[in-house]
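Trainee: Listed below, chain by chain, are the residues.
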Amino acid sequence: MSLLDFSSNVFIAAFFLYSGAFMLYTIAIMGRKWSGRKPEEHTARWGKVAFLASSLGLLCHILYFFTRWSGSGHIPVSNMYEFMTFLSMMVMVAFTVIFAIYRKIILGLFAVPISIIIMAYAAVFPQEVQPLIPSLKSIYLNIHVTLAALGESFFAVGFAAGLMYLLRTVNFDSVAKSDKKQQRLVEFTLFSIIVIIAFLGSVFAFRGAGYETVFIRQNVTIDSPGQEDSTIEKVSYKMPPIVAPYHSEIESFQSFLGLKEPIFEAPSWMNGVNAGRKFNTVIWSLISGLILYGFIRMIARKPLGKALHPLMDGIDADDLDEITYRAIAIGFPIFTLGALIFAMIWAQVAWGRFWGWDPKEVWALVTWLFYSAYLHLRLARGWQGRKSAWLAVLGFLVVMFTLVGVNLVIAGLHSYAGTD
Amino acid sequence: MSQRTPFITNTKCECGHQNPVGTVLCEACGKPLDDNGNTNENLEMRYDGRARRSQRVNPGLIDRVWNFFSSVKIAIYLIVLTLVGSMLGTIFPQESTFLNIDASTHYKDEYGVAGDIYYKLGLSHTYESWWFVTLLVMIGASLVICSLDRVLPLYKALSKQKIRKHRQFLTRQKIVLITEVEEDPNLWVQRAVQPLKKKGYRVVTENGALLAEKHRFSRWGPYVIHIGLIIFLLAVLVRGLPGLNMDQHLAFPQGDTVPIPDTSYYLKNEKFTVEFYTEAEMPEEFRGTKVLPKLYETKAVLYECTAECGDPSKEPKLREVASHDIQVNSPLNYKGLKAYQFDYDLTPVLRSVQPNLVNSVTGEAFGKFKLVMKNPQRVYQAGPYELTLKEKYMDFGMNEEGQPVSKSPYPNAPAFLFLIHGPGLPTEGQQYFYFPRQVDQVKFQQQAINDKLGGSERFLEFEVTAMSDVDFSESTAYLNIRVDKVMPFIWIGAAIIMLGLVLGFYWQHRRIWLIVENGELTLGAHTNKNWFGFRREIVSFLGKMDMTVDEKSLDNGGGLS
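Chains A and B are the protein sequences, given in the same order.
Be aware that the first sequence starts at 1, since it is given in this note's numbering, and climbs by one per residue.
Be aware that the second sequence starts at 1, since it is given in this note's numbering, and climbs by one per residue.
Just chain B, same shape as in the assembly (with noise of 0.2 Å):
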């Protein structure tokens, strides 16, 4: 239902006020300038009658943007869309909850037709989807426009009241009261103003005439909110922007310190414990069933590099900055750079190992040499025989042609190729394939690997003769590392947002408009909620001016807000 505005309409109050169009109630006087007078309904209050930018006549296109985005309604259909999406997205697990899936056949697989259609229709990925950003987008937009669309008519409005307000204004309010009085108006007037002021309102009086005002803040409060939402969503908005925030799960070994990629930091973790509850700490009903955790926590040690960062031949001068026990609920945060307990792995993993070369055929040893898993020298010297290593796989395994690769950059099945040179071995050189681990020298099978790289005749081995020669660190921490410059304002916003909304919900904006005129009291009563609380302010009030009222008589009906 739409009303045209007819195209030349008189605004001008029977005060001489010149009204914009769009006003319902007088800007100065208060007098309705929706009808003439007959009717006693309830005013509409809400920006105390002022026209809004929203209502010009003849609209151009920003106009009608700002219209489409001003409108209250358009903001509640915003929300339930959202509200519809959000809920939409939780049917089945989101695509980022997984890892290392096939999207298109994983929800068929998992969740049959249904699951397929969700994917189809883009609902694995909600909250990344253009429609449900867009959604957001627009309530950011709706947020800034209703806000100022409201505010300012509500600022001006409010900060220049006529204390004298038109009668009709005064009683076409929700809480009315008109009684006789004999007094002097002026008189009575001025008797009402202390325990008004005691009541903490704000008193102005115009001969015969009241204003009484308190919280006026308490209006600000869905404005502040909305600011404050604002903010936030801006800052979730701008966090996606690169450069501004950093995510990665590494791998940190026990004893092992471990450059941050994209960073000049370095992390080691000194010690990873696990705990778990003993039997005696849990309920009857877990023991022997359950296993629960304790504790998981990575004594770390962050380092600053100062020197010989990038390049991989020189050791890096590394300078300690931070340390901290990471627990689950207790990061190491460092000038914004945070990590995190994210998961663990007790499976030792081999550091470096100190095989002997031996005669095989005499038993002769030649010497011990230190080979290291992760960035190893390239020749050694054992005796008099020199070994140069030719090629390295951290996780050794074959790809579909036969070759050899690594398949991941972790040392979970390293093999290391050597070529040596020394007594007895043909010029060129002799080739060994050597497995550190025991259990991959039988897997990969390196006796017959090495005899058709070698020959019959070869006679040099390596072996490993006491525990004291390998080293593994325990175990491994991944922490989840990050940085996220955004944070600041995301709280910024949720502060604004709270303080909003304690201003706007938990004190009302009171106003009371007395006239004394005639041997009569006119009173009006508005405020934006809670009107139970305030007819009882109000007959407290009238108590101390020794008239006795009901509460429920001074609702002048209509709805309540």
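If we strip away everything but chain A, and leave its shape as in the complex, we get (with noise of 0.2 Å):
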């Protein structure tokens, strides 16, 4: 066995031991009014369980990382599968360290699964080891990367904690007009993680099902008077085509469902044949996300967030507002020297200039102006709580859109990783 293999394998290992963990802390949590002992014992006693199975995971996690690194050659963050499966492991680092500070066991509960979806979302993307292009090769490769992830990680951590708070003091029983609009967003925010949940479900059920239908476009442009150009854009859709890429034909179609074409085409503004693609993933998450959510709710018979509402019994509010601040104010440093300061470095030494306004760039510097004002918010205007609380949640939305959207809708000179 090549040591990329075993790599791989021992990723597939954590991934496992993690989901182990969430079901352990699940139990831990969950069980503790069923169990007959004292609920403090069994969740102590499960929670220790959970924490060993969880840490073994991170073990096997990090082994991943080094046999990678050493079987490829390079650091394993060069393209969105490889930092995906980083900023995963991130997270539980940055967890275990907010861990071993406070030892909240329901910590984990919502942690873990955060680790588990970039995970999942990591296998989306091609796997393969790719040799390191010219403007990779550095070390800052290396340190700007690896701190931003771990910046990041924190900010994860913070917003696990946040909606923790959220589901602990939202009053879920009140009518109250300004109580029934907290209840509105924190079920909204939980319907966004199914979502994405959903959208996994449906790349990997299709890929399973090896679903394909492919669609062309002619490009013409008229470069000089008398002279045409025509380019032949092609795509391939591996979701049924709910739209079409803009004027585009299809070139082989492969029905589901009794779905035999394509219901609409996608607007004229959504430029190139990618855009009608990323569309249809979009619907398909809402839709796929739409019935699962139902489902949840029909197994619950109660809104997620008053489901949720009771696994908080016994924690401490002020805990978790602060468990919220200390990941935060532990994260800020290592985001502004990662993703901020050793940016800068490696953009001079690479491209001679230290800042140019790529998105990528302003939405780091968004990232950080965004906690900026949480933290003068807390520290001089005294927003602690419920309105912390929902800044570090809305935070973590900044953070993945700076990771994940800015390569999906806007790209720029910062698009090493593509994705999809």
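In case anyone wonders, no lab produced these hints; they're calculated from the structure.
Every value quoted in this text rests on a predicted model; they were computed, and no experiment measured them.
Be careful, since some hints might not be right.
[To be verified] Lysine-lysine pairs mimicking DSS-like chemistry, simulated, CA-CA at most 25 Å apart: (1) B:374 x B:268; (2) B:452 x B:392; (3) B:108 x A:278; (4) B:392 x B:374; (5) A:387 x A:177; (6) B:73 x A:238; (7) A:234 x B:290; (8) A:48 x B:31; (9) B:552 x A:387; (10) A:137 x B:290; (11) B:271 x A:387; (12) A:33 x A:260; (13) A:33 x A:104; (14) A:137 x B:294; (15) B:290 x B:314; (16) A:137 x B:299; (17) B:392 x B:314.
[Claimed, not checked] Not close to chain B: a few residues of chain A, all C-beta gaps over 12 Å, as computed: (18) 63; (19) 96; (20) 127; (21) 261; (22) 282; (23) 300; (24) 303; (25) 304; (26) 306; (27) 336; (28) 353; (29) 409.
Glycine residues also receive a C-beta, built at the ideal position from the N, C-alpha and C atoms.
Put the two chains together into one complex, using the hints given.
Mentor: Here is the structure:
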């Protein structure tokens, strides 16, 4: 077995260990009311096992990282697959650090699934080792990417704790207008997470079924009078096309549940054939997200926020508030160093300018400004508790947009990764 | 909601200290001045309750500006506005990302109506716009004034702290413990010194009262960050001044020594290399479909001109000062002048030819002469003929009036007009148009032009017979030449920011006040963050004093920060 094969095997082991740990955390928290023991005793006992499992998972994850590094000859953070696997590892590192400080078992219930989801997202991208292009051959690849990911991972843990704070403190039984609003916002946040899970589910389901439909589009551009240039673009859909690319023709169509042709065409402002494909993926994610959400609602028979609320019983809200803040406070300097300062140093060495207002740079700055505003609001304006928790939740959305959204919809200079 | 300060306020504390207007906690004994002691709310501990300059009564104009910028609320608005502005700038690509576009039509053509609106709002150059730069300047002002307004009172408050504070100051902290103590007050306090010192506190006592403090430096963290940011922002603003920053993209054909404009330097591209990954080095899915570059490298030598620099008629005297194999992540760097690998072109570029002057009728050859594309000689001799160069076009073309022009300074389609004197020619000489490149001779119809210039009985032609008579440079490297004199300040600013972040976020300023009197211990404690860890530390300290206390019971309510 080659080093790279071993590497992907331990990666899979890490994935299953995390999933197992997630179930154990669930038992530790949900089982405390049913087990014969005292709730604290039950949680402590099962929590220990759960933490052991997630730590073992992290160990496998780290093993994956270093064996892939040594097998490929460069640090595995150079494309989207590698970056996402690394980010999920850092989320677990951040969780472990915060857990070591605060010893709250329930944090595992919310932080571990973030890592699992990011790992699953990594698997959407091609997994082969690619050689480095000249612009990535630098020691700053190691420093900039790893530190930025670590900082962002602390923000992820802040997000988890912030969401927990909301689930703990929002009054889910009240019908007062302000409480209703909070309930709806929490529900929307949970729904968004379900859409992401549904997106992953549909990608892997259609991939497993080997689905493919191909569109072609002819682009005619007139360069100079009398000179026509035509190019043919081809795009392969891996999900049944509800929406076709703008002005395209079907090359091959695999029908799905009676769907024999696209239902409609993407609007003209969605330039390029890939825009249509991405739009189609968004539609599928929303549809399957709604189905999944409806299904869970049917089982729970109440809004998800309300269903999750009892899990938080006995957890001190102030502690959650402090964990949120602490995670962000630990992450902020790391993020500044990795995502801004070392980014500037590298940009200076590679491109000759430390700052160029490239979309990725701008969004790293936006993230930084967002968390700066959070810290000022909290420290100088006394925004704590509810408001601070919402900012922590929103902040992670900004982080994810910087990492994924920018590549997906904006691109620019910093698009080494490529996205799907 | 604004609170109007009464015309005359009594700001004298019961301990006899006269406090300035705006003081929340007596500067000397710490007694809250906000009420008559009926409330149990947590104290406002920022800057230890000292008055700030921005809290003056009857402000003048400068005070008003000061007050505006000293507000954290304003600072947050500025941060949020900058955030939103930055976001807007990423909706469509900025103008600066395109080369040679007409922005007024480009955005409309490319992105439709939305693009047109975007352009008309000026968002296509967000980051250079007056409002964005103003925002950055205002953030700078806010950083300076906010910091000064707060750091001075905080420094004063922390540098002269009374050990024995007013009891209310203790009982209204966020961490409070009131419990009975049988022991003699002085003895108990003396006994408490050692365990606190073990935990890293600096401890001072004063008959029955104690003050323990550690990591005060962490309080300066935010101000250090702000100083770093100010240096950074100033460096960015100063960078725009002329002479501090140079940025040019130049072409360096392989083997050529090219002067760098506005400097006394010349750079020679000795060899440019581009390598691609072989099929075997690539993952399977890329094979046959994708080409991945492996290396771009320009072997460069930098020369400094020592004499005859500005004179085009003389050969400049050069002295080698540096050499480097420039790669993407490894620029040449000589005294702040940097050369970055930017782009390349593998099209061969003609450097010189050695045509033979022949009689096309008899086939007689009169001799070769060397014609260099760049800075050619004026006069050549080939056998009995004298050739004078009249015109030179590096990139031959016709303008709208049908006049021959050079479309660019690069030798894409060089053309030369000669005047030839010698036997068999008219006394005023004969003109001859020469395109060294075969393709151009056909494309621009050299034959026809010369027939027109010299008449039908002309007999002279230029002929290149051997490949060795043609000299090409194989490729051209494009380098980005930069000078950025403020960079050291940018890095100093960044380093100071990081220092401040580490000081401020990874340490916390912790203070514990103790008063033992009348058989009762009153403990109050304050930190600027991480209350959780602080409570744990106090519980551990109390444990050493044989007291068992639950962490949560120390919490005097109120928010945590």
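Trainee: The structure should be examined with respect to each hint, and the outcome stated for every one.
Mentor: Hints versus structure:
1. B:374 x B:268: Holds: residue 374 of chain B and residue 268 of chain B sit about 15 Å apart, inside 25 Å.
2. B:452 x B:392: Given pair residue 452 of chain B, residue 392 of chain B holds - Cα atoms ~19 Å apart, limit 25 Å.
3. B:108 x A:278: 24 Å, holds
4. B:392 x B:374: This hinted pair holds, its Cα atoms lying about 10 Å apart.
5. A:387 x A:177: Between residue 387 of chain A and residue 177 of chain A the Cα gap is close to 17 Å, so the pair holds against 25 Å.
6. B:73 x A:238: 49 Å, violated
7. A:234 x B:290: 16 Å, holds
8. A:48 x B:31: 47 Å, violated
9. B:552 x A:387: Answer holds: residue 552 of chain B to residue 387 of chain A is near 23 Å, not above 25 Å.
10. A:137 x B:290: Satisfied, since the Cα-Cα distance of roughly 19 Å is no more than 25 Å.
11. B:271 x A:387: 61 Å, violated
12. A:33 x A:260: Violated, at roughly 51 Å.
13. A:33 x A:104: 17 Å, holds
14. A:137 x B:294: 9 Å, holds
15. B:290 x B:314: Distance of about 49 Å is beyond 25 Å: violated.
16. A:137 x B:299: 18 Å, holds
17. B:392 x B:314: With Cα atoms ~19 Å apart, residue 392 of chain B and residue 314 of chain B stay inside 25 Å; holds.
18. 63: Holds, because the least Cβ-Cβ distance between residue 63 of chain A and chain B comes to about 22 Å, which exceeds 12 Å.
19. 96: 17 Å, holds
20. 127: 9 Å, violated
21. 261: 27 Å, holds
22. 282: 18 Å, holds
23. 300: 32 Å, holds
24. 303: 28 Å, holds
25. 304: 28 Å, holds
26. 306: At roughly 26 Å from the nearest Cβ of chain B, residue 306 of chain A sits farther out than 12 Å, so the non-interface label holds.
27. 336: 6 Å, violated
28. 353: At roughly 8 Å from the nearest Cβ of chain B, residue 353 of chain A sits no farther out than 12 Å, so the non-interface label is violated.
29. 409: 10 Å, violated
Against the hints set out earlier in the document, violations occur for numbers 6, 8, 11, 12, 15, 20, 27, 28 and 29.
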